[in-house]
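Asker: Please put together the full structure from these sequences, using the hints given.
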Amino acid sequence: MQRIASNKDFPQVMEYIYGPGLVEKKMEEFTSYKTVSQFQINFMFDAINAIIEKTTDGFTYGGFENLEKGKGYLFVSNHRDILLDAALLQIALYNNGLDCSEITFGDNLMQPGIVTDIGKSNRMFKVVRSGSAKNFWNVSYHLSSYMRYVVKERNTSVWIAQRNGRTKDGDDRTNQTVLKMFSLSGERNLGKNFSELNIVPMAISYEWETCITQKVRELYLSQEHPYIKEKGEDFRSIMSGILSPKGHVHIQICPPVSAEELLAIESLDRHEALAYMASLLDARIYNGYKLFKTNYIAFDMLYNTFKFTDKYTKEEYKEFAEVMHKTLSGWKENLLPLMNLYLKIYSNPVLNRLSL
9 MQRIASNKDF
19 PQVMEYIYGP
29 GLVEKKMEEF
39 TSYKTVSQFQ
49 INFMFDAINA
59 IIEKTTDGFT
69 YGGFENLEKG
79 KGYLFVSNHR
89 DILLDAALLQ
99 IALYNNGLDC
109 SEITFGDNLM
119 QPGIVTDIGK
129 SNRMFKVVRS
139 GSAKNFWNVS
149 YHLSSYMRYV
159 VKERNTSVWI
169 AQRNGRTKDG
179 DDRTNQTVLK
189 MFSLSGERNL
199 GKNFSELNIV
209 PMAISYEWET
219 CITQKVRELY
229 LSQEHPYIKE
239 KGEDFRSIMS
249 GILSPKGHVH
259 IQICPPVSAE
269 ELLAIESLDR
279 HEALAYMASL
289 LDARIYNGYK
299 LFKTNYIAFD
309 MLYNTFKFTD
319 KYTKEEYKEF
329 AEVMHKTLSG
339 WKENLLPLMN
349 LYLKIYSNPV
359 LNRLSL
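Each number in the working numbering comes from the position in the sequence shown (counting from 1) with 8 added on.
Some hints here could point you the wrong way.
Pairs of lysine to aspartate or glutamate residues, derived as EDC-like cross-links and limited to a Cα-Cα distance of at most 16 Å, are as follows [as the list claims (entries may be wrong)]: (1) K298 / D179; (2) K188 / D177; (3) K77 / E37; (4) K42 / D125; (5) K160 / D125; (6) K62 / E32; (7) K352 / D177; (8) K326 / E341; (9) K200 / E269.
Note that these hints are calculated values from the structure, not bench results. Just so it is clear, the structure is predicted and the values come from calculations on it, not from any experiment.
Answerer: This is the structure in structure tokens:
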């Protein structure tokens, strides 16, 4: 806490959350925290609620009746924003009288400094995303064992993304590599193995996509060459996600994967079982989407249809088009391929829902 408080940028963070009049008092409180719970309840929840108040038109959630108090779950979530997806879940859990979860945190984000200090103090733990094949297997086994221990032995929940990194194009799909990592620890039988983890799919939906400019840029540049991040890009994405307008945001806790459903994979070979599990999680997440007018407008605009004109007004259609052109106006390239990428980010959730 002392190290975070001494960071030169931290007073600005406190002013953003509390206003200039309370900074000194709140800084004194901050340095007195002794436990993670004190830090989360007295600071993080204030911070997240400030973000909700200043950058959204409302945060809603549903499906928490599917969860039991005192039971650990493995939340497997679509991933749109580096920090906020898991942070908003903590608010929803707390508001529903449930314990906060632990949170996976990519090692690319764990740079020395305030972000890592806040992350670790917020019960985040590292996911290693690169290395030699042998080392990667070892750290993956360690991660799998730790998550199983947290869920099964400590009855504490864990949040993890369904894939490595954020979905850039809005097409949320569970990566089977993530499921393989889950299975490295525990029973050899995949049905029993996954059953121990109490897997719960989670869908998060943003009316206005966070970091949309960065996502379009990455998608565009990666068409020609593998995309290489610039120094400090992840931190800029974190700040952009926090500060940018999001419209309405919704989290849906989908029905947990049941023991009965997992019986179906016991007769399958390993490849088929992982594919079945991935498709099951995807279907739950697609069904859990909160589709907004931005999604429907983008679909009709991209595919030149009038399929969803009952979901929005002409004024809202015009506003979306203006926001898109303003977002892309700084690019020197031909705007048409950029517009297509922009529209796909918003329209892919509609396609995924229709696929059900």
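Asker: Each hint needs a verdict: does it hold in this structure or not?
Answerer: The hints, checked one at a time:
1. K298 / D179: Distance ~14 Å between K298 and D179 Cα, so the pair holds.
2. K188 / D177: 24 Å, violated
3. K77 / E37: 30 Å, violated
4. K42 / D125: Answer holds: K42 to D125 is near 14 Å, not above 16 Å.
5. K160 / D125: Not satisfied, since the Cα-Cα distance of roughly 27 Å exceeds 16 Å.
6. K62 / E32: 22 Å, violated
7. K352 / D177: With a Cα-Cα distance of about 6 Å, the restraint between K352 and D177 holds, given a limit of 16 Å.
8. K326 / E341: 23 Å, violated
9. K200 / E269: OK: K200 and E269 at ~11 Å, within 16 Å.
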